[in-house]
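Chemist: Sequence:
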Amino acid sequence: MDPYIIVTNSTDENGATVYDDNGLGSKIFKLFAEKYNITIVFLEPIKTFDFIATFGGLQRAVANEVDFGVGVAPVTLLTSSIVDFTVSYTFEHLRMQIPCPKQIPRIQRIVSIFSVVTWIMLMVIFFLGSLTLWFISNVDINNRRMESISSRNIMQCFYNAWAIFLGVSVTEMPRTCYVRLFFIFYVCYCYAVSMVFQAFFTTFLVEPGYGREFTSYEEIIATNVTYGAIDTLDNFLFVKLGYEEHNGAKFVVNCADITHCVLRAMFKGDIMLFTGTNFPYYLALKKGVHDVNKRVCFYHDIVTVAKLSIATQKGNPLMSKLNDHVQKCLEGGIHEMFWSHLKHTYRLQAEKKSDQSDLYFVFTVRLLAPAFILLFCGYAISFIVLIFEISIFVIHKRGPLGLFL
Numbered sequence: 053m054d055p056y057i058i059v060t061n062s063t064d065e066n067g068a069t070v071y072d073d074n075g076l077g078s079k080i081f082k083l084f085a086e087k088y089n090i091t092i093v094f095l096e097p098i099k100t101f102d103f104i105a106t107f108g109g110l111q112r113a114v115a116n117e118v119d120f121g122v123g124v125a126p127v128t129l130l131t132s133s134i135v136d137f138t139v140s141y142t143f144e145h146l147r148m149q150i151p152c153p154k155q156i157p158r159i160q161r162i163v164s165i166f167s168v169v170t171w172i173m174l175m176v177i178f179f180l181g182s183l184t185l186w187f188i189s190n191v192d193i194n195n196r197r198m199e200s201i202s203s204r205n206i207m208q209c210f211y212n213a214w215a216i217f218l219g220v221s222v223t224e225m226p227r228t229c230y231v232r233l234f235f236i237f238y239v240c241y242c243y244a245v246s247m248v249f250q251a252f253f254t255t256f257l258v259e260p261g262y263g264r265e266f267t268s269y270e271e272i273i274a275t276n277v278t279y280g281a282i283d284t285l286d287n288f289l290f291v292k293l294g295y296e297e298h299n300g301a302k303f304v305v306n307c308a309d310i311t312h313c314v315l316r317a318m319f320k321g322d323i324m325l326f327t328g329t330n331f332p333y334y335l336a337l338k339k340g341v342h343d344v345n346k347r348v349c350f351y352h353d354i355v356t357v358a359k360l361s362i363a364t365q366k367g368n369p370l371m372s373k374l375n376d377h378v379q380k381c382l383e384g385g386i387h388e389m390f391w392s393h394l395k396h397t398y399r400l401q402a403e404k405k406s407d408q409s410d411l412y413f414v415f416t417v418r419l420l421a422p423a424f425i426l427l428f429c430g431y432a433i434s435f436i437v438l439i440f441e442i443s444i445f446v447i448h449k450r451g452p453l454g455l456f457l
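The sequence shown begins at 53 in our numbering and counts up one residue at a time.
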């Protein structure tokens, strides 16, 4: 299983298939073979994640068909009774891969800057402010004579109140003292609300954020996420460990192709399955994922930890030298060098960029949809008001008997 077995093959001059492996275990063993002038011949690898196939490979070592074995062969009491293992060169954590929190849509995030109650109160204040502005301008006869025409007209009051709300100029400034005082208070209120909204608007437009992470299996199952069953792992979890925390999923599929299920959990986010932690990260690198941690997520429980080592026959005289070599490689930082080289290689050779950088985003017409919807609603309401005013004008012009003529 990748990245512990990264197999390449070619054809020699006789037409036979020649295999090569660039996994971590083989990297360490190649250095050992180069040091002691050992010729390496790779046999056809076991590509299925199956305990029976794994034990079959170990039996080949017992039968002296192979001298060394690398890959996903965890060190357990059962496997240790068949072959000898070197010092472990890495540890693999078995965890549940779960869907990552999805990015909140920008429009939804912007609308949620204020709560529903706050939005309602803003509309109520808008209507009350418009009516108050009109009432103060018309309540006193003296003020009515001195006040501007726009402040005495109720429709103009609504227009001016909306203009202040949006931060644009009004048609005409008020003239009397009380109207000006209320006008100043209303402008200050709208300015404060506008500043708060614009500050969050800019932030959420660039980075809207992500949803809440899952903290329990109950939350995951409640979203109707499918469970990807892997027969080998399920038997190990139930029989050996008694791990049943994930039981209860409504939908179950067989993940014979682990790669397909891991990619499905990574990009579609509708499945959960048990896997090693390094395998999804490796696939994310191959797919050119920009931010791996936003695509690959795991449940917080670590089910078990597997030690990965190089296997050989019982009593192999090279075991002590190989153990010393593995230990020195680990002390020299070969694990970090392997992953650094792997990341650099796949970033250059990525199949495609599966997601875009968060440093920028494309400002499309879709992001302006609420503004256009509000504009069309305003046009519709204005048209209805126009028809209503024309009808009233016609009725008033004809008089009470005009409708029957």
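Note that these hints are calculated values from the structure, not bench results.
Please read all numbers here as calculations on a predicted model, not as lab measurements.
Each residue gets a CB set at the ideal place from its N, CA and C atoms; glycine is no exception.
Where hints are given, some of them may not hold.
Claimed, not checked - Here are the simulated lysine-lysine pairs, DSSO-like style, with alpha carbons at most 30 Å apart:
no.	residue 1	residue 2
1	Lys380	Lys154
2	Lys359	Lys373
3	Lys338	Lys366
4	Lys395	Lys320
5	Lys99	Lys449
6	Lys79	Lys320
7	Lys338	Lys395
As the list claims (entries may be wrong) - If you anchor each label on the Cβ, the simulated ranges turn out as follows:
no.	residue 1	residue 2	range
8	Gln111	Lys373	20 to 30 Å
9	Gln160	Phe428	35 to 45 Å
10	Tyr243	Val168	38 to 48 Å
11	Phe303	Ser443	24 to 34 Å
12	Ile439	Ile165	34 to 44 Å
13	Leu400	Val168	46 to 56 Å
14	Val93	Glu271	24 to 34 Å
15	Thr60	Ala308	51 to 61 Å
16	Phe435	Lys320	38 to 48 Å
17	Met371	Gln111	13 to 23 Å
18	Met207	Ala423	20 to 30 Å
19	Ile165	Cys229	34 to 44 Å
20	Ala105	His342	30 to 40 Å
21	Phe303	Met247	16 to 26 Å
Chemist: The structure should be examined with respect to each hint, and the outcome stated for every one.
Modeler: Results of checking the hints against the structure:
Between Lys380 and Lys154 the CA atoms are separated by roughly 43 Å; this puts the pair beyond 30 Å, and the hint is violated. Distance hint between Lys359 and Lys373 is fulfilled; the C-alpha atoms sit about 20 Å from each other, no more than 30 Å. Of the pairs offered as hints, the one joining Lys338 and Lys366 is violated, with about 37 Å between alpha carbons and a cut-off of 30 Å exceeded. Simply put, Lys395 and Lys320 have alpha-carbon atoms about 23 Å apart, close enough for the 30 Å limit, and the pair holds.
Of the pairs offered as hints, the one joining Lys99 and Lys449 is violated, with about 90 Å between alpha carbons and a cut-off of 30 Å exceeded. Straight-line distance between C-alpha atoms of Lys79 and Lys320 comes to about 34 Å, which puts the hinted pair past the 30 Å bound. This hinted pair checks out: Lys338 and Lys395 have alpha carbons roughly 9 Å apart, not beyond 30 Å. Between Gln111 and Lys373 the C-beta distance comes to about 25 Å, which sits within the given range of 20 to 30 Å.
For the hinted restraint 35 to 45 Å between Gln160 and Phe428, the CB-CB distance of approximately 20 Å leaves it violated. In this structure the supplied range 38 to 48 Å is violated for Tyr243 paired with Val168, their Cβ-Cβ distance being about 23 Å. The hinted window of 24 to 34 Å between Phe303 and Ser443 is violated, with their beta carbons roughly 58 Å apart. The beta-carbon spacing between Ile439 and Ile165, approximately 36 Å, falls within the hinted interval of 34 to 44 Å.
Look at Leu400 against Val168: about 49 Å separates their beta carbons, and that is inside 46 to 56 Å. Separation of Val93 from Glu271 is about 51 Å and departs from the stated range, judged on CB atoms against 24 to 34 Å. Hint check: Thr60 to Ala308, Cβ distance near 24 Å, so the stated range 51 to 61 Å is violated. The hinted range of 38 to 48 Å is satisfied by Phe435 and Lys320, whose Cβ atoms lie roughly 44 Å apart.
A hinted range of 13 to 23 Å for the beta carbons of Met371 and Gln111 is consistent with their spacing of about 19 Å. A C-beta distance of roughly 23 Å is found between Met207 and Ala423, which places it inside the suggested range of 20 to 30 Å. With their beta carbons about 36 Å apart, Ile165 and Cys229 fall inside the hinted range of 34 to 44 Å. The beta-carbon spacing between Ala105 and His342, approximately 35 Å, falls within the hinted interval of 30 to 40 Å.
Take Phe303 and Met247: their Cβ atoms lie about 48 Å apart, and the range 16 to 26 Å is violated.
Figure legend: structure checked against the earlier numbered hints; hints not met, in rising order: 1, 3, 5, 6, 9, 10, 11, 14, 15 and 21.
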